[in-house]
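Construct all of the structure, not just a fragment, from the sequences and the given hints.
In order, the protein sequences belong to chains C and Z.
Heads up: the first sequence runs through residues 33 to 181, numbered per our numbering.
Heads up: the second sequence runs through residues 228 to 343, numbered per our numbering.
No lab work stands behind these hints: they were computed from the structure.
Just so you know, even glycine gets a beta-carbon here, dropped at the ideal spot from N, CA and C.
Check the hints yourself; a few may be wrong.
[As the list claims (entries may be wrong)] Covered by chain Z, according to a simulated footprint, are these stretches of chain C (three or more residues, beta-carbon under 8 Å): (1) 57 to 67; (2) 82 to 92; (3) 104 to 112; (4) 121 to 133.
[What the hints assert, rightly or not] No more than 25 Å apart at the CA atoms, straight line, and that leaves these computed lysine-lysine pairs for DSS-like: (5) C:K64 x C:K75; (6) C:K167 x Z:K294; (7) Z:K299 x C:K42.
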Amino acid sequence: MSTDNIIGKKYEADYEISFEKIKEFVEVLGDKNPHYTDREFVKSIDGGHPFAPPTFAAIYCQPALKNLYLDSEFSKLVPRLVHGEQEYNFGDPARAGDLIHTTAEIVEHFNKTNRSGKVHQIIEIMTASTNQNDKLVCTATYRLVIRGE
Amino acid sequence: MAIKDKSKIRIGKYMPYFYAGASLDYNLIHIDREFAKANGLPDIILQGMCTMGLTAKHIIENDHPSKMQTFKVRFLNPVLPGDELNFKSEKNDAEINVEVTNQNGNRVLRGQATVR
Numbered sequence: 033m034s035t036d037n038i039i040g041k042k043y044e045a046d047y048e049i050s051f052e053k054i055k056e057f058v059e060v061l062g063d064k065n066p067h068y069t070d071r072e073f074v075k076s077i078d079g080g081h082p083f084a085p086p087t088f089a090a091i092y093c094q095p096a097l098k099n100l101y102l103d104s105e106f107s108k109l110v111p112r113l114v115h116g117e118q119e120y121n122f123g124d125p126a127r128a129g130d131l132i133h134t135t136a137e138i139v140e141h142f143n144k145t146n147r148s149g150k151v152h153q154i155i156e157i158m159t160a161s162t163n164q165n166d167k168l169v170c171t172a173t174y175r176l177v178i179r180g181e
Numbered sequence: 228m229a230i231k232d233k234s235k236i237r238i239g240k241y242m243p244y245f246y247a248g249a250s251l252d253y254n255l256i257h258i259d260r261e262f263a264k265a266n267g268l269p270d271i272i273l274q275g276m277c278t279m280g281l282t283a284k285h286i287i288e289n290d291h292p293s294k295m296q297t298f299k300v301r302f303l304n305p306v307l308p309g310d311e312l313n314f315k316s317e318k319n320d321a322e323i324n325v326e327v328t329n330q331n332g333n334r335v336l337r338g339q340a341t342v343r
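Here's what the structure looks like:
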C-alpha cells in the first residue's frame, strides 16, 4: 500500500474553549491549579477568563487532527498508530472563551527499522493554532509511529 | 539546580476512559481491549497526552501556566491502567529535564521544558 502521497495533506478547524471543558479536563488530571478553575482568582490577576493548561492544546488541535484522521489515505494507518513524541511551543495563553483556529499538516513520512528488525512508519504532523485576535497560541509537532506488523 | 522527586500517581482502571471523554481522544487502542490486543498491544493503553498532561502538572504545580514556554516529550513505553508513575525533574535555570518511570522502574516518558 503506497501512502507516499500523504505528505502535504492539510486540514483545519476551529475550537471554542469553554470554562466547563477546562474544568472537566483538569479534574481528570487531578490538577488543582487555581489559574484553571478559580474565576475570581484569575479576574484578580488581569481581569480575564480562566486559563487552559498547556496540554489542553491536545483538545483545541483535535478537530483539525480529526479531519486528518478521517482522510481516506491516512485513516488506513490509524489502527496501528501510537504516539511517539510530542513538542509544543507556546505563545499567547489559551483561555476560556477563546476561539482557536488550527491547521494541521503532514510534513514527514518515512520508514524506520527498529532494533528487532521491524519496519515502522514515522509520520510527523505540524499544527499551528491562533486565537480570535490572530495571535499565535501554540505550534506543535506530533511524531506518530505506525507499528509494523 | 533543583531536583523535584515527590509526585507519585496511580493510574486508575478507568483513567483511559475518563481521559478519552475529557480530551476527545477516542482512539480504540485506549478504550477497546480486544481491539488493542488484536493490534499487538498488551492491553488498552493510556493516552500519551494524558501522561504528558500529568507531567505538565508536576512541572507547573500552582504557578501561572504561561511559565511553560516549550515542552517536548518522548513516549518510551506504554502506560497501562493500574500502573504507578513516578515523576522526577531537574531544573537548571530556565530548562527542566523530566523523567517518568513506572512501578517496575521502566521509563515511560522523558522530556524537556523551558520555563520563565
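How the hints compare with the structure:
1. Interface restraint, the region 57 to 67 of chain C with chain Z: holds (10 residues with C-beta to C-beta distance below 8 Å; minimum three).
2. Residues of the region 82 to 92 of chain C with a Cβ under 8 Å from some Cβ of chain Z number 7, which satisfies the need for three, so the listed coverage holds.
3. Check on the region 104 to 112 of chain C: 3 of its residues sit with their Cβ under 8 Å from a Cβ of chain Z, so the three-residue criterion for coverage holds.
4. Chain Z is given as covering the region 121 to 133 of chain C, and this holds because 3 residues of the stretch bring a CB closer than 8 Å to a CB of that chain, at least three being needed.
5. Only pairs whose Cα atoms come within 25 Å are accepted, and C:K64 paired with C:K75 is accepted, the gap being roughly 17 Å.
6. Distance check on the hinted pair: C:K167 and Z:K294 sit about 18 Å apart at the alpha-carbon level, within 25 Å; holds.
7. Among the hinted pairs, Z:K299 with C:K42 is consistent with the structure: their alpha-carbon atoms are about 23 Å apart, no more than 25 Å.
Consistency note: the structure conflicts with none of the earlier hints.
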